[in-house]
Amino acid sequence: MKEELVTLKIDDKEVKAKKGMTILEAAKEAGIEIPTLCYHEKLAPYGACRICSVDVERKGRVHVVAACGYPVEQGLVVRTRSPRIDRIRKTIIELVSCTIMVDGDVVGEIRVLADEYKADIHRFESRFRASPTRCILCGQCVRYCSEVIGIHVIGFVGRGVDRRVVFFPQRAQFCPTCQECFYLCPTGKIAAETAGDTFPGFSIDDYLSGKMLIK
Amino acid sequence: MVGVSGLVDKVVDGYQRDRDMLIQILLELQRGFGWLPEEALNEVSRQLGVPLTRVYQIATFYKAFSLTPKGRHLIRVCMGTACQVRGAPLIRDRVQHLIGVEPGGTTPDMRFTFETVNCLGCCAMGPVMTVDNDYHGHLPIPDVEKVIGVYK
Amino acid sequence: MPRINSPSELERLREETRGKRDPNKPCITLCSGTACHASDSESVSEAFGRALKEKGLEGEIDLRRTGCHGFCERGPLVVIYPEEICYTRVKPEDALEIVQSVREKKVVDCLLYTDPVTGARIKREPKIPFYENQQRIVFGPNRWIDPKNIEDYLFLGGYRALSKALFEMSPEQVLEEIKKANLRGRGGGGFPAGRKWEETKKTPREPKYVIVNCDEGDPGAYMDRSLMEGNPHSVLEGLIIGAYTIGSHEGFVYVRQEYPLAVENLEIALKQAEEYGFLGENILGSEFSFRVKIHRGAGAFVSGESSALMNAIEGRLGEPRMKYIHTAVSGIKDRPSCLNNVETWATVPLIINKGAEWFNSIGTDKSKGTKIFSLVGKVNNTGLVEVPMGMTLRQIIYDIGGGIAKGEKFKGVQTGGPSGGIIPEQYLDTPVDFDELTKLGSIMGSGGMVVMDENTCMVDTARYFINFCCEESCGKCIPCREGLRLLREILNDICEGKGKENDIELIEDIAETMRDASFCALGTTAANPVLTTLKYFGDEYETHIKEKRCPAKFCKNLINYWIDSEKCQACMICLRNCPTEAIQGGKNLLHWIVQEKCIKCGICYEVCPPRFGAVVKLSGEPVPPPPAPGTEVVRKEGG
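Protein chains in written order, with our numbering: chain U, 1 to 215; chain G, 1 to 152; chain A, 1 to 639.
Derived from the structure by calculation, the hints contain no laboratory data. Mixed in with the good hints there might be a few duds.
Cβ-Cβ distance ranges computed for the label pairs, FRET-style [said to hold, decoys possible]:
hint, chain 1, residue 1, chain 2, residue 2, range
1, U, ARG81, A, LYS498, 33 to 39 Å
2, U, LYS9, A, ARG205, 43 to 49 Å
3, A, GLU42, G, GLY105, 27 to 33 Å
If you want the ones that stay clear, here's a sample from chain A, every Cβ over 12 Å from chain U, calculated [claimed, not checked]:
hint, residue
4, GLU83
5, GLU104
6, ILE137
7, LEU156
8, LYS201
9, ALA300
10, SER473
11, LYS476
12, GLU482
13, LEU486
14, ILE545
A virtual CB, placed ideally from N, CA and C, is assigned to each residue, including glycine.
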């Protein structure tokens with residue numbers, strides 16, 4: 001079956017893409033960079049970080065969508081940068097900085113984005129009164145373990161601001177100790193909180209005992 | 001715990017071992033045990049063939065599930081918008097002051113579990129507090145102590 | 001009961017049922033919805049049973065426990081047929097007298113509804129202003145139906161629409177009728193149901209699913225609950241018609257677990273529908289087969305979002321999915337799934353029976369038909385009301401709602417739940433429909449309408465909704481999770497007198513990001529209450545931040561309770577009731593509150609006899625010094 005191609009515009013550049021691709025995938029192929037924090041090419045699009053937000057114009061109306069999930073369409077007009085998009089990315093970095101700051105700074109891709117979008121990572125500090133978790137809940141570790149490795153040793157628990165990622169010691173015997181989750185983590189939390197051990201150092205028991213939810 | 005795997009087996013069977021019914025199965029186990037012991041969660045994962053991570057993800061997401069045993073009596077103060085404007089926060093604070101636990105908690109003597117709930121749908125009687133299956137509507141703050149005192 | 005296998009068998013059964021019921025035989029109907037149940041309608045029912053037995057009238061007078069009538073403020077409600085005599089706030093001890101009056105064809109005057117203005121007693125239910133101004137096309141039948149008895153529904157004409165759809169119309173014709181009727185979803189989104197049905201129908205994938213969303217999560221809204229409890233068959237009939245139209249053979253009803261009576265009555269209804277042949281294989285002898293499964297929620301507001309609900313039905317976590325591809329195309333297990341709200345489905349049989357043209361004659365240009373609202377809060381007549389789209393807020397709140405309770409002044413009306421806003425007095429003449437309230441910055445939503453008076457603090461109200469959404473957020477995406485967390489802290493600070501100069505700017509910035517970039521509608525609309533209160537009640541925010549004062553005298557940290565020495569009559573009531581012994585004074589000696597010990601519980605304010613009214617709330621002003629200990633009270637005449 002011949003694959004259907006569509007033509008769309010990304011940042012004034014005409015791009016051809018296969019039907020069924022997402023804006024993010026089409027942009028990548030065309031060499032256009034859209035930042036992401038929770039995206040991984042081996043994983044199903046998750047849409048949690050919202051950093052890949054872009055402006056799309058459709059039937060005369062412009063709205064914001066997540067590029068990692070939005071399917072390409074014939075005639076779609078996409079802008080990966082705009083005052084609104086830039087402000088969204090800036091604010092997202094500022095919102096999430098409070099919980100991941102270590103020694104007064106952020107690291108990795110988040111540091112790069114903070115610089116690019118001129119985020120003030122201390123902006124909301126005075127109003128952040130929870131214990132920092134060092135986790136942006138991007139879910140790459142959880143999703144990789146379930147979708148790619150298929151072992152389900154690490155998972156999400158809780159809801160809202162009490163949502164956490166935990167390791168399940170009762171599943172430890174199945175863990176292939178590939179330490180992929182360590183490498184994927186954008187904040188370096190997993191590596192930092194594992195005392196040279198094989199498995200991530202925060203377990204379901206820590207969550208259930210309430211240790212992870214103390215303010 | 002004796003009988004955990006037996007009850008899980010029975011409930012899972014009742015839903016034809018259908019994985020789609022995971023949440024329904026957990027609801028029934030919550031009702032049967034009064035809470036969800038660790039052993040029950042492990043059994044559900046094993047018998048239904050769903051990842052343990054998913055069972056815990058669901059059990060910790062929903063308010064209906066408790067992973068710790070609950071008290072003999074359940075106090076619920078409705079915090080729906082209508083009750084809110086009719087003074088529910090003062091009722092909640094009064095209960096908290098009287099029994100010494102925050103909403104979500106259980107008293108150390110296991111007498112009361114205290115919860116706030118978002119709308120019981122009895123807005124005409126607001127503010128509303130329920131203890132077990134008893135509804136207490138138009139509740140004046142001074143009466144709260146007397147009302148919960150009845151439940152041993 | 002043998003299954004009904006054809007339309008003519010159905011009509012024959014209906015005729016038989018009607019033949020068996022004497023329209024002149026007295027019938028005592030008792031509202032038994034959850035709200036009246038909470039007012040102990042159970043005991044009233046037992047009392048009636050005993051009274052009828054005692055008088056030997058069980059064969060002569062029928063007793064029927066029906067669904068919610070809507071006038072919840074006056075429950076338990078009793079309506080006597082055929083005269084339609086309505087009794088309000090009925091107690092078990094009234095039962096005997098009522099039974100006797102039915103037998104003697106008399107009326108118990110003291111139990112009749114009394115008009116608060118004229119003092120006139122109104123005998124007939126439809127003449128009570130609360131009901132007279134409504135148009136109860138969907139909700140009305142609740143008062144005639146025992147939800148546990150399908151024959152009541154058949155008596156009223158139930159399942160005729162289904163029979164008509166299956167045997168006189170093709171699925172395409174039913175679809176056209178629904179599209180022509182301009183039926184918009186009543187769950188909050190207002191999306192045209194016909195379009196959704198069509199998209200599901202046209203997607204070339206099998207199997208297809210239809211779903212009833214009974215997860216009703218807006219606090220203060222309980223329309224769906226009362227409809228599902230009181231007339232489950234109306235919802236079912238609509239669902240089956242929809243399934244036939246779309247080509248679905250499996251349906252789901254997702255009900256909040258907080259609604260046990262709705263689940264119970266629905267289970268009974270499903271069983272009876274199957275028995276009678278309205279569900280299962282070859283419905284009414286047609287070629288169409290359809291089954292329904294119930295899924296209960298487990299206590300999460302976000303799971304009422306359509307894609308989250310479908311995840312839950314799949315046994316996965318009930319958090320939302322990306323909906324760039326409509327669930328009508330790819331829903332449960334990637335299959336075309338059509339989800340509609342309880343009220344939407346319940347409206348379908350009416351449209352099929354009476355036609356799209358009739359439906360279009362009610363309502364406004366873009367919003368056809370009626371809508372059920374839960375009118376609650378500081379209003380006199382709290383309850384569920386059904387009115388044509390386009391009736392104004394003023395008409396609903398004053399003509400039907402009876403105006404503001406306790407003679408207080410109207411301040412605002414909150415519509416649309418946590419996704420909506422608070423509308424101030426100057427917009428009371430706005431017609432209520434899908435679009436007009438949106439222009440003001442709120443939404444009609446699922447129908448929650450909370451009336452607020454001068455004692456309601458708007459900043460606290462915004463804080464309340466933000467707190468609600470913060471607790472209910474699934475936590476998946478950053479803007480919603482982290483945005484709500486911070487908004488909650490900022491609003492808490494403002495309510496506690498710790499607000500800062502640039503807080504409004506911070507709030508607006510966070511709100512904008514949430515609105516633009518959140519994963520689902522919970523996040524994108526969560527800031528609406530804050531934004532509308534800033535727009536219409538901005539000065540209240542200023543007052544809290546700059547003056548550390550709460551005009552409504554609600555925010556605990558910004559108020560003090562104080563006993564006015566000129567009014568205190570030393571009755572000792574407040575002193576005795578104070579839980580922290582913060583009140584000093586004694587018999588004949590003026591009372592005064594030791595501020596350091598006061599926990600602001602509000603008890604003294606409530607127990608001080610209204611004729612003294614000596615306990616006063618102060619905000620933004622210093623507390624006057626206490627009287628010298630031992631000061632005797634000055635007795636007022638008649639005090």
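**Message:** Quick check for students: does the CB of A:GLU83 sit more than 12 Å from each CB in chain U?
**Reply:** Given a closest Cβ separation of 53 Å, the condition holds.
**Asked** Regarding the assertion that A:ILE137 does not contact chain U, is the least Cβ-Cβ distance greater than 12 Å?
**Response** holds, 35 Å
**Prompt:** Falls inside 27 to 33 Å, the C-beta gap from A:GLU42 to G:GLY105?
**Reply:** 31 Å Cβ-Cβ, so the 27 to 33 Å window holds.
**Request:** Hey, is A:GLU104 genuinely clear of chain U, shortest beta carbon separation above 12 Å?
**Result:** Check passes; 60 Å lies beyond 12 Å.
**Item:** Outside-interface status for A:LYS201 - nearest CB in chain U farther than 12 Å
**Value:** holds, 21 Å
**Asked** Taking the closest pair, is the beta carbon of A:ALA300 still more than 12 Å from chain U?
**Response** Violated, since 7 Å does not exceed 12 Å.
**Non-interface claim for A:LYS476, where every Cβ of chain U lies beyond 12 Å** = violated, 5 Å
**Distance restraint hint 43 to 49 Å, applied to the beta-carbon atoms of U:LYS9 and A:ARG205** = violated, 31 Å
**Item:** Beyond 12 Å from every chain U Cβ - status for A:LEU156
**Value:** At roughly 43 Å from the nearest Cβ of chain U, A:LEU156 sits farther out than 12 Å, so the non-interface label holds.
**Asked** Does the no-contact call for A:SER473 survive, Cβ to all of chain U over 12 Å?
**Response** Given that some Cβ of chain U is not farther than 12 Å from that of A:SER473, nearest at about 4 Å, it is violated.
**Request:** Given the range 33 to 39 Å, decide if the beta-carbon distance of U:ARG81 to A:LYS498 lies inside it.
**Result:** The hint (33 to 39 Å, Cβ to Cβ) holds, given that U:ARG81 and A:LYS498 are roughly 38 Å apart.
**Message:** Is the claim that A:GLU482 lies outside the interface with chain U correct, judged by CB distances over 12 Å?
**Reply:** Nearest chain U Cβ is 4 Å from A:GLU482, so the label is violated.
Violated hints, in rising order: 2, 9, 10, 11, 12, 13; the structure is consistent with all others.
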